[in-house]
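**Q** Sequence:
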Amino acid sequence: ARGRGFRPDPQDPGAAVDWLCRAFAFVEASRMAAPDGTLRMADLRTPGGGAVRVGGLSGPMRRQMEAVFGAEFRPGRDPGWPHLAYSVTVMVPDVDPHCARARAEGARLVSEPRDQPWGLRDYEAVDPEGRMWNFSQHLRTTQPEDWGAAPA
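To convert, note that position 132 of the sequence shown is 132 in the working numbering; the numbers rise steadily by one, no gaps.
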């Protein structure tokens, strides 16, 4: 079962923006609506000073996607829940209260806050659409070889 705060309609980007702001402490900086009032695009600021952009798939964008991808374009196809193929990392000033807020808003936690050998403290959570988010706090600077990686 999905936790408190999880909404049932994954096709509503406006509701997704509202939930992301409540649970993950994003702040909505701007919003553009389509003529029918649905969300076209929202610009969110992260707790660490970065930005995330959430966009809806409006009629013109759907037609553009259909033109580019042809038969491969399958809008609304259910990719399953949760989508754990990748995560989006967002730097935050303090992971522990951030995690507590996400938990209180119904985010499903994949991992609790923990210190990592690469110098971050982080946790992972899943949003209502099943996307994995990693929230990280910088603790110390390390070298890649200190934690088993090789410099690129």
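Keep in mind that the hints are not guaranteed to be accurate.
[Claimed, not checked] Pairwise CB distance ranges (calculated):
(1) Gly70 x Thr141: 42 to 50 angstroms
(2) Trp147 x Pro97: 22 to 30 angstroms
(3) Arg31 x Gly70: 30 to 38 angstroms
(4) Pro82 x Glu28: 23 to 31 angstroms
(5) Pro97 x Asp36: 35 to 43 angstroms
(6) Pro117 x Val68: 17 to 25 angstroms
(7) Gly148 x Pro93: 25 to 33 angstroms
(8) Pro144 x Gln64: 36 to 44 angstroms
(9) Phe69 x Pro93: 19 to 27 angstroms
(10) Glu72 x Arg22: 29 to 37 angstroms
(11) Gly14 x Gly48: 22 to 30 angstroms
Treat the hints as calculated values from the structure; they're not laboratory data.
Cβ atoms here follow ideal geometry from the backbone N, Cα and C, with glycine treated the same way.
**Q** Taking each numbered hint in turn, which are not upheld by the structure, reported in ascending numerical order?
**A** 6, 9
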